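Based on the provided sequences and hints, a complete structural model is requested.
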Amino acid sequence: MIRPRVRKVLRDVWHHKARTLLVVLAIAIGIVGAGAVLNTWSLLRRVTREGYLATNPASATIRTDSIDAALLERVRRLPGIRDVQARRTVYGRAMVGGTWRTAVLFAADDFAGTTIGALQPVSGAWPPADGSLVVETSSVEYAAAVVGEPILVQVGEAEPQSLEVTGITRDAGLAPGWMEHVVYGFVTPATLARLGAPASLDLLQLTVEDRTLEWEAVRRIAYDAKALVERSGRRVQNVDVPEPGEHIHAAQLNSLLFTQGAFGVLALLLSGFLVINLVTAMLAGQVREIGVMKAIGARGGQLAAMYLGLALVLGLVACLIALPAAAVLGRWYAGFTATLLNFDTTGYSIPGWALAVQLGVGALLPVAAAAVPVVRGARIPVSMALRDFGIEEGGDGPRILRRIGGVTRPLLLSIRNAFRRRQRMGLTLLTLATGGAVYLGALNLRSSIRNSVGYMFGEVLRYDLSVGFARSYSAARIEAAIGAVPGVAAVEAWNGVRAAAARADGVLGNSFPLGGIPAASRMVAFPVDSGRWLTSADSNALVVNRSLRQGEPEAALGAELTLVIDGKPSRWTVVGIVTSGPGATAFATREVVARATGDSLMDRAMIQAEIAEPGAQAELSRRLRGALEAQGFEVGSSQLMAESRRVLEDHLLLVAGFLMIMSQAMIVVGGLGLASTMSLSVLERTREIGVLRAIGARHGAILTMVQAEGLVISIASWALAIPLSIPMSVILGRTFGRIMMPVRITTLVPESSGMLAWLGVVVLVSLVACAWPAYRATRVTTAAALAYE
Amino acid sequence: MHPTSEALITLKNVSRIFPGAAGPFSALSDVNLTIDRGEFAVVVGQSGSGKSTLLGLLSGIDRPSTGEVVVGGTAVHTLSEREMSPWRGKAVGIVFQFFQLLPTLTAAENVMLPMDFCDTWKSGERRSRALALLERLGVADQADKFPPKLSGGQQQRVAIARALANAPALLLADEPTGNLDSKTSEAILVLFQDLVRDGQTVVMVTHEQSARHLASRTITLCDGRVVAND
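The listed protein sequences correspond, in order, to chains A and Y. Using the working numbering, you'd call the opening residue of the first sequence number 1 and step up by one each time. Using the working numbering, you'd call the opening residue of the second sequence number 1001 and step up by one each time.
Worth flagging that the hints you see were computed from the coordinates, not collected in a lab. Mixed in with the good hints, there may be bad ones.
List of simulated lysine-lysine pairs, DSBU-like, C-alpha gap at most 30 angstroms [unchecked claim]:
no., chain 1, residue 1, chain 2, residue 2
1, A, K17, Y, K1090
2, Y, K1122, Y, K1149
3, Y, K1145, Y, K1090
4, Y, K1145, Y, K1183
5, Y, K1122, Y, K1145
6, A, K17, Y, K1183
These figures come from a predicted structure and were not determined experimentally.
Next comes the structure, spelled out in structure tokens:
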């Protein structure tokens, strides 16, 4: 049999359905916000750790000349090495929608037997058969690849070959193709031969016996292997040793989720404030009943247990709604983020501990939030509880409000009422203002991203399209041929090579691209962080970007540096550090690069078009290709910057979009908070409202008074959100810059359209949130209010 | 049943002073009073004379500023808040002017509530006891109705049944007829008289002149002092 006190609590809940629903919704929204981030983080952590390690990633990769079975076997026998395998990487191009795009083809003797960097078939056939192509999943969109349909692929000068796409597979070790603007494909050595490329393998991948080894120890083993390869008469171009066990983007992932986790916790805290408000409201209506119950023998502990038990039940009900929603949202966002990292969350479940944490927090948050008002309510002396007339003793607000002039008395009353319970008003204000600050901050971030991408593609990268050649040509020939094509405004021929820094201990660092560009290039203008840009008088000057500086301790400003290029060491001086994107890169004048490589020819061209319109530029790209081929140039790839810009912008803006969704969740929490605050306000002033009606206030006046009070709070929150959005924008911009792409925080003060939009949102939220309390206030009859006990 | 000479209530030099904006206000001053078991005492006096304050001190709802309040051998003024509620639940039944039934509980459940809080009677017996009390007060047919569906008189009868739920030694009633029509008031007063006849000690604050005739003792308060006790 259910105890009467339990019945009372259950019937109270039913009796105040709207308020109960608000409490459940408030908790649910908080849990959905924080839970979604926790689910995303825990799922991605599992996927990137377990998924990445499950592919048995290479501990090191050595690029050398043709690798045969005998060499592999000798390397395998070296101490500390568990396994080795060989691949070949060939650069070519793939025809996508009438445009050639850069293609990177991977070949192996036995893909099915791949043990290092295991590939995960996604759809279609695996491994690739001779004459067919399996596309890497992150390139599918960029390659417009469809299983069963052919793609025209060309390597060097050879005749383009139509290869049927027979499957899609995933290589978790690759940076996403859509991000790199590369079509990744897997082919057999026989297919490579058919494409006219050497079929021999040139990438030696190895894994170490002890997976717990530190980077330095792995590097030593890799260099033992390098020495062995070199002793076999082969030339080693570079050795790459990634951080053991860490996905290349792990730090960025953690940073991204940490920021979003902070928003999740914020949403949870705000919903906690809301629960405090709602439980206080609930108890305010129960003060007299609490007094009666104490008068007939109820102990404070029993009363506290009743209401805290109720809070626990409401929390559990909220969890029933929130946990599945948070799981769906978390899976969706984890899926999106995993795509950025070239992972797939399919087949992975959210860890049980993450769900348990959400259940625990969801159940206990309302108990914790309710604890203070419940204990306070349970401790209220019986005499005071029985004397409760529903009129709050709260103050009349700040002194300045007493001097407000020029407004009607009812409006003045509304303004003063809004400030009567400052703590409660403060919590509501904070919730709404935080939502506003996040919204405006996200708008600013969006604007900054657009400006930064615009800056990057307009001010930093000033060319409209680029052409990569399969062979090298003289700069003069390239520039003359391209410059003669109608529609071309300017052209520069560049060269480039991969280089690696030789560290003090004689071991090479990871390789990076070294771009050779004219000293007075009109095609790029990287912001110089420190030092200077290149000059034509430079003989061995090197400009490194920030990423290379961070990853390579030797590359400090002014440092003398040994670079190994094509196996040959050369001395360089770091003269400047620039910002130029997330990947490690260095720049030197094209003449200096030519001297270092011993090859004065250029292999790429950067072009400015006369017309900015993307369609016209695509047409120019086609005409350029035709003109170049007519003059005997072998064009390897061409790239439209407008397309690159669109792809990059779309993906970056998704992050700002997620933040805006979070701000919407916060405004819902804030709206619920406002509704509860106003309900409480009306309840507490029942007698006061009765008095107003007794002295002639009409329905409209009461309605306006309550709505005006809500609007005072909402507009105050809007005004507070504007200055709060400035530090929010800085934090978001800096975090985003650290994680995704350096963002110039161009927009600190929100745009007037954004501010007006947010004002519209808070006014609307206020009107909706106050509608029910205002209606309730008009239902108070004079007689009932004055007799209100 | 007639009053015994055994004192149920003893007040010694009790004063109750409230702080106020215009300075301390003395609601009760140096009150000395003894009420025996089985008595039906009514407390009368003008508004502000200290009647309700006296009742508050007897029930432990309020505490004296000075003096001693002993009810059924318990020095009420020495009890902590934690001790007060269970003592009050078992030793005292309170009837309020505005009934103060919990609106989301049925009449029977309202009566069962003190038994639930004080853990008196076995849980299986509580409903039958509640029904018996409602029967005794003439509202057994209203047992499963919610208070808002009952008339004022019916609500007050249910409230009295609730006050009797834990068989308290003392029944305190604060203006129990103040919110009822005269006919119903008369019936409620007769009901109190019946309870006293069955051995219940009742102290009632009232404005009803007729109550004086039914009571065994009338205590008259004026400006916080007992001016008559006969």
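Hint-by-hint comparison with the structure:
{"no.": "1", "hint": "A:K17 x Y:K1090", "verdict": "violated, 34 angstroms"}
{"no.": "2", "hint": "Y:K1122 x Y:K1149", "verdict": "holds, 29 angstroms"}
{"no.": "3", "hint": "Y:K1145 x Y:K1090", "verdict": "holds, 26 angstroms"}
{"no.": "4", "hint": "Y:K1145 x Y:K1183", "verdict": "holds, 23 angstroms"}
{"no.": "5", "hint": "Y:K1122 x Y:K1145", "verdict": "holds, 23 angstroms"}
{"no.": "6", "hint": "A:K17 x Y:K1183", "verdict": "violated, 39 angstroms"}
Comparing the model with each numbered hint stated earlier shows that hints 1, 6 do not hold.
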